[in-house]
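With chain A held as given, fit chain B onto it using these hints.
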Amino acid sequence: MKLKPWKYIVAIWMTGVIIAGFLIPIPDIDILQQSARNLFLHVPMWFTMTVCFAAGLVYSIRYLNKPDPVMDRKAETATQVGLLFGICGLLTGSVWARFTWGTWWTFAEPRMNLSALAMMIYVGYFVLRTAFDNPSKRAKIAAVFNVFAATTIPFLLYIIPRQLPSLHPGAEGNPAFSEITAPELRYIFYPAIIGFIALAVWLNDVLNRYKKVKLQAEQLTA
Amino acid sequence: MKYLLIQAQQDTASAVDTLSRSYADKWEAAKEIEEAGVIMQAMASYDLIFVVLAVSLIIWFVLLFYLIRVDKKVSKLEEQIELKTLEKNHEA
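Respectively, the protein sequence lines represent chains A and B.
Oh and the first sequence: position 214 is 214 in the working numbering, straight run, nothing missing.
Oh and the second sequence: position 57 is 1057 in the working numbering, straight run, nothing missing.
Hints are computed from structural coordinates only; laboratory data are not their basis.
Please note that a few of the clues may not be correct.
[What the hints assert, rightly or not] Partner residues are not named here, just some residues of chain B that face chain A (Cβ under 10 angstroms, in silico):
1. Glu1035
2. Asp1047
3. Ile1049
4. Phe1050
5. Val1052
6. Ser1056
7. Trp1060
8. Phe1061
9. Val1062
10. Leu1064
11. Val1070
12. Ser1075
13. Leu1077
14. Glu1078
15. Lys1084
[Stated by the list, open to error] DEER-style ranges, computed between Cβ atoms:
16. A:Ala54 <-> B:Phe1050: 36 to 42 angstroms
17. B:Asn1089 <-> A:Ile24: 41 to 47 angstroms
18. A:Arg98 <-> B:Phe1050: 19 to 25 angstroms
Yeah, the Cβ is synthetic: ideal placement off N, Cα and C, and Gly gets one too.
Excised from the complex, chain A in its bound form (with noise of 0.2 angstroms):
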């Protein structure tokens, strides 16, 4: 009944990321000031949703490739997580902008509708799982619709907010590190991303863990 070690080194790890997060000191940065350490939160909630996601279409095409029930499960559990990390990002988003544009939401910058967008687009996905009960056929939509979503997410996140003008730090059509982006600010960006992508990974195992002895304590009742 013990936790896996990885688990205590993403713990130790995460709680490490936060206090050098907000200890270390960081250059001025016109406008951002100190809301430049919003990098080590708000943008890994992004990198962990794309991996998330891609994981989702990989099982999903696995799923297809091959009907297994444990794919379909395990491509659902992934776009669930990624779908966490996303509403967390569009939310500490909002709350950035509030204090940076003087507005908690404005249809004027792409990026932020857009991925309010590929939101809406995974909600879809759950709405349509809803819509069968026969479990091999929903499995199966579920993973084309998959397919698709998946697909829309590199124009939507990455694609078509760099050829549009925006206010967001990191555009003008380059990518996200541009001179803007202080190189000390790195030190704790990538750890970050590790750190949030392994926290994903964890949620995904408790997750899987969850349904499949869901599963097996209903063929033991039946």
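What follows is chain B alone, placed relative to chain A:
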């Protein structure tokens, strides 16, 4: 746009001290921040950033504790299921 709320708290010591000023006559132990303990002075330094760190850490530790608890509960269920399936196979 000016950040009025933040500017009002530029003097960290006075920001921390609002409580003791309001209740000064009712609270005999109230001290100026300069007279407070080392930990309290440290918490009040750097524009109160350590207070936010403390709040964030509390949230993180509570969520972490909960995640670990759920993880262990699932492990327990896994063991029980394993035992039950063994029993069932034994009977059959």
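Discussion item. Would the hint on Glu1078 (chain B) be counted as holding, given a Cβ-Cβ threshold of 10 angstroms to chain A?
Written reply: 6 angstroms, holds
Practice prompt. So, Val1052 (chain B) near chain A? Judge it on the closest CB pair being under 10 angstroms.
Written response: 7 angstroms, holds
Worksheet entry | Status of the given 41 to 47 angstroms range, CB of Ile24 (chain A) versus CB of Asn1089 (chain B) | About 57 angstroms separates the Cβ atoms of Asn1089 (chain B) and Ile24 (chain A), which means 41 to 47 angstroms is violated.
Worksheet item: Is the interface hint for Val1070 (chain B) satisfied, with its Cβ closer than 10 angstroms to some Cβ of chain A?
Response: 6 angstroms, holds
Worksheet item: Does the Cβ pair Arg98 (chain A), Phe1050 (chain B) satisfy 19 to 25 angstroms?
Response: 24 angstroms, holds
Discussion item. Using the nearest Cβ pair, does Leu1064 (chain B) come within less than 10 angstroms of chain A?
Written reply: Since the shortest Cβ distance to chain A is 6 angstroms, the answer is holds.
Discussion item. Does the closest beta carbon of chain A sit nearer than 10 angstroms to the beta carbon of Asp1047 (chain B)?
Written reply: 9 angstroms, holds
Worksheet entry | Minimum beta-carbon distance criterion (10 angstroms), Phe1061 (chain B) to chain A | 8 angstroms, holds
Worksheet item: How about Val1062 (chain B): closest beta carbon in chain A under 10 angstroms, or not?
Response: At 13 angstroms from the nearest chain A Cβ, Val1062 (chain B) fails the 10 angstroms test, so the hint is violated.
Worksheet item: Does Ser1075 (chain B) pass the interface check with chain A, least Cβ-Cβ distance below 10 angstroms?
Response: 5 angstroms, holds
Item to complete: Could you check if Glu1035 (chain B) really has its C-beta closer than 10 angstroms to a C-beta on chain A?
Response: 26 angstroms, violated
Item to complete: Could you tell me whether the CB distance from Ala54 (chain A) to Phe1050 (chain B) stays inside 36 to 42 angstroms?
Response: Given about 37 angstroms between the Cβ atoms, the range holds.
When each numbered hint is compared with the structure, violations occur for hints 1, 9, 17.
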